[in-house]
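Protein chains: 2
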Amino acid sequence: MLSEIGERRIIEELKKFLDIGDDAAYIRFGYKYLILTTDMIYQETHILKQMTWEQIGMLIVTVNLSDIAAMGAKPVAFLLGYGSPDISFDNFKTLIKAVKKQCERFDTKFVGGDTNQTEKLTLSGTLIGISEKPVLRSNARVGDIVAITGDLGSASLGTRILMKDGVNKKKLKNPVFKKALEPEPRVKEGLILSKYVNSMTDISDGLSISIRDIAESSNVGIEIELDKIPIDDRTFNLAIENGEDIMKHALYGEGDYELLFTINKKNFEIIRNILSVYKIGRVTKNKEIAGVDSKGVRFRIERGGYEHFKSKHQKEKA
Amino acid sequence: MLSEIGERRIIEELKKFLDIGDDAAYIRFGYKYLILTTDMIYQETHILKQMTWEQIGMLIVTVNLSDIAAMGAKPVAFLLGYGSPDISFDNFKTLIKAVKKQCERFDTKFVGGDTNQTEKLTLSGTLIGISEKPVLRSNARVGDIVAITGDLGSASLGTRILMKDGVNKKKLKNPVFKKALEPEPRVKEGLILSKYVNSMTDISDGLSISIRDIAESSNVGIEIELDKIPIDDRTFNLAIENGEDIMKHALYGEGDYELLFTINKKNFEIIRNILSVYKIGRVTKNKEIAGVDSKGVRFRIERGGYEHFKSKHQKEKA
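Sequence lines, in order, name chains P and Y. Everything in the first sequence is counted per my numbering, starting at 1 for the first residue and increasing by one. Everything in the second sequence is counted per my numbering, starting at 1 for the first residue and increasing by one.
Since the hints were derived computationally from the structure, they do not count as laboratory data. Because the structure is a prediction, the values reported are computed rather than measured. Worth double-checking, as some hints may not be accurate.
Note that identical chains are pooled: a pair holds if it fits in a single copy or bridges any two copies.
Unchecked claim - With a straight-line cut-off of 27 Å between C-alpha atoms, the simulated DSS-like cross-links for lysine-lysine are:
| no. | residue 1 | residue 2 |
| --- | --- | --- |
| 1 | K16 | K101 |
| 2 | K133 | K188 |
| 3 | K15 | K93 |
| 4 | K101 | K248 |
| 5 | K93 | K295 |
| 6 | K101 | K49 |
| 7 | K16 | K248 |
| 8 | K195 | K16 |
| 9 | K15 | K97 |
| 10 | K93 | K120 |
| 11 | K171 | K109 |
| 12 | K287 | K266 |
| 13 | K32 | K285 |
All chains, full assembly: derive it from the sequences and hints.
Structure follows, in structure tokens:
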């Protein structure tokens with residue numbers, strides 16, 4: 001059964017049949033590349049009860065934009081596969097309007113869709129982008145700086161708290177929750193970074209998985225300095241208030257749509273003057289995925305992160 | 001509620017937000033057009049109990065290929081959004097292999113996918129094609145011949161019988177059922193026709209809907225000669241055996257992935273020597289959608305066809 005296999009291996013199996021695969025696929029088209037990605041969100045798995053119809057509409061565009069951003073590509077066109085139970089026409093229109101608006105914010109045409117009646121809300125988005133030179137995960141070089149475009153842990157922490165209790169609406173204004181409900185894709189940043197970085201991916205499935213993806217596909221190791229991982233003060237405080245381990249959320253939590261990239265030192269000096277980016281580690285020759293804490297103690301960073309199609313037991317083991 | 005509105009109006013509403021729309025969307029890309037389409041299939045609505053995992057895999061590619069064919073475009077790349085309950089890994093692989101194989105048969109790369117755990121099998125496909133001059137629905141001209149690429153009614157009749165009773169496996173070899181379980185997209189035909197026709201669409205939602213789509217978007221009328229509608233002998237006989245009105249299936253049934261097109265007389269003479277095509281009517285100046293029976297009696301062809309999000313009552317009225 002699929003639950004005995006886990007989503008990662010299912011995706012690995014799926015990839016065997018794919019002609020190409022990274023954060024998104026790329027196919028040559030004249031002197032450029034088409035960048036193609038598809039991402040699905042499902043009521044039970046991805047949609048918090050506190051999300052508005054507008055936020056749901058934004059999210060299905062965002063998750064796909066993030067994959068295009070991770071390739072350093074420019075998004076061009078979006079298509080939506082829409083399935084839902086019999087909701088009100090107004091809610092449907094609110095969701096579709098939000099899809100359109102989120103596309104427009106990132107200069108993307110909303111060009112096609114299909115609708116179906118399904119028992120649970122199921123949205124499948126596809127984004128087509130364009131790039132002259134897509135950035136892959138597989139070109140990290142020994143000596144590269146490992147860096148990230150923003151602070152971590154807030155989306156995962158926010159999601160955790162929202163799932164535990166029905167936080168009242170007033171509280172929702174805390175920007176930590178906004179990151180869980182309205183994550184922003186790093187499209188502009190990805191386009192700028194594409195000219196300077198060696199490898200890149202988004203960290204929507206969690207930092208630890210993304211580090212491993214880059215290291216394994218580039219055949220290198222990565223060492224992360226834990227106290228360099230940027231965590232916003234408000235996130236830090238909210239974690240303490242709720243008895244949550246913020247470092248776990250930062251390393252293994254999902255939902256932060258930041259970009260993780262590796263870059264040589266010279267280029268890092270250039271881009272740190274253009275964008276707010278955080279150095280969190282370096283690419284090493286040995287193939288370990290390691291963390292170093294503030295006392296200099298090294299440890300192995302486990303894969304972790306969220307996988308669908310896994311029983312609770314397996315998730316804890318992972 | 002969406003059920004009070006009906007899928008057609010929902011799609012109309014959705015289209016207001018779309019930047020472009022026909023059977024598929026088209027966006028300029030240098031000196032060519034990218035053709036983009038997305039189509040979803042859902043366990044309860046589209047998947048017959050008698051379908052094998054292989055046939056389900058083929059179907060999600062076929063429904064999308066048919067939209068690309070209807071634009072007269074060449075399919076290039078396919079992406080799959082996959083959602084299912086916890087099925088066996090072998091069944092999953094069989095389905096994915098069939099997706100890959102159906103892509104290869106039509107020279108299409110299978111480039112991307114996403115997997116999710118959902119309660120019901122839900123597949124969302126996206127196809128990217130390419131065309132130098134996409135064929136729209138909206139260019140039918142008064143005096144054009146209205147023609148179709150194959151015989152009608154078999155997929156709809158086969159589906160009806162399969163849904164009524166669990167036809168035994170031996171019976172399934174009847175080619176009428178094969179058309180319901182393994183429809184073929186008219187990709188090759190669409191590409192050839194694109195050089196000769198004025199307007200084109202696929203008839204996956206039923207002939208009567210497609211006729212109306214062409215007539216309304218071209219601002220013309222269409223007159224169909226009922227006894228010119230091609231119906232295969234085996235389909236005709238199976239209908240009689242099962243007490244079904246085959247003309248209803250041919251006019252209003254869905255699932256026949258043939259192409260409906262309008263073309264001038266000179267070009268029709270050319271393509272009838274290249275492809276097997278059937279003249280079924282003509283484009284008229286008055287804006288009626290009319291049928292003429294063998295006795296010369298004219299009548300209005302209702303919209304009909306299948307719509308999701310509609311109550312039984314409304315479907316009967318429609």
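Hints, one by one, checked against the model:
1. K16 x K101: between (36 Å within a copy, 13 Å between copies)
2. K133 x K188: within (16 Å within a copy, 33 Å between copies)
3. K15 x K93: The answer is between: 11 Å across copies meets 27 Å, while 35 Å in one copy does not.
4. K101 x K248: neither (34 Å within a copy, 42 Å between copies)
5. K93 x K295: neither (54 Å within a copy, 47 Å between copies)
6. K101 x K49: Answer is within: at 22 Å inside a copy they meet the 27 Å cutoff, but 40 Å across does not.
7. K16 x K248: neither (32 Å within a copy, 44 Å between copies)
8. K195 x K16: Answer is neither; intra-copy 30 Å and inter-copy 37 Å both fail.
9. K15 x K97: between (33 Å within a copy, 11 Å between copies)
10. K93 x K120: Both: 17 Å inside a chain and 25 Å across chains, each within 27 Å.
11. K171 x K109: neither (35 Å within a copy, 48 Å between copies)
12. K287 x K266: within (24 Å within a copy, 69 Å between copies)
13. K32 x K285: neither (33 Å within a copy, 45 Å between copies)
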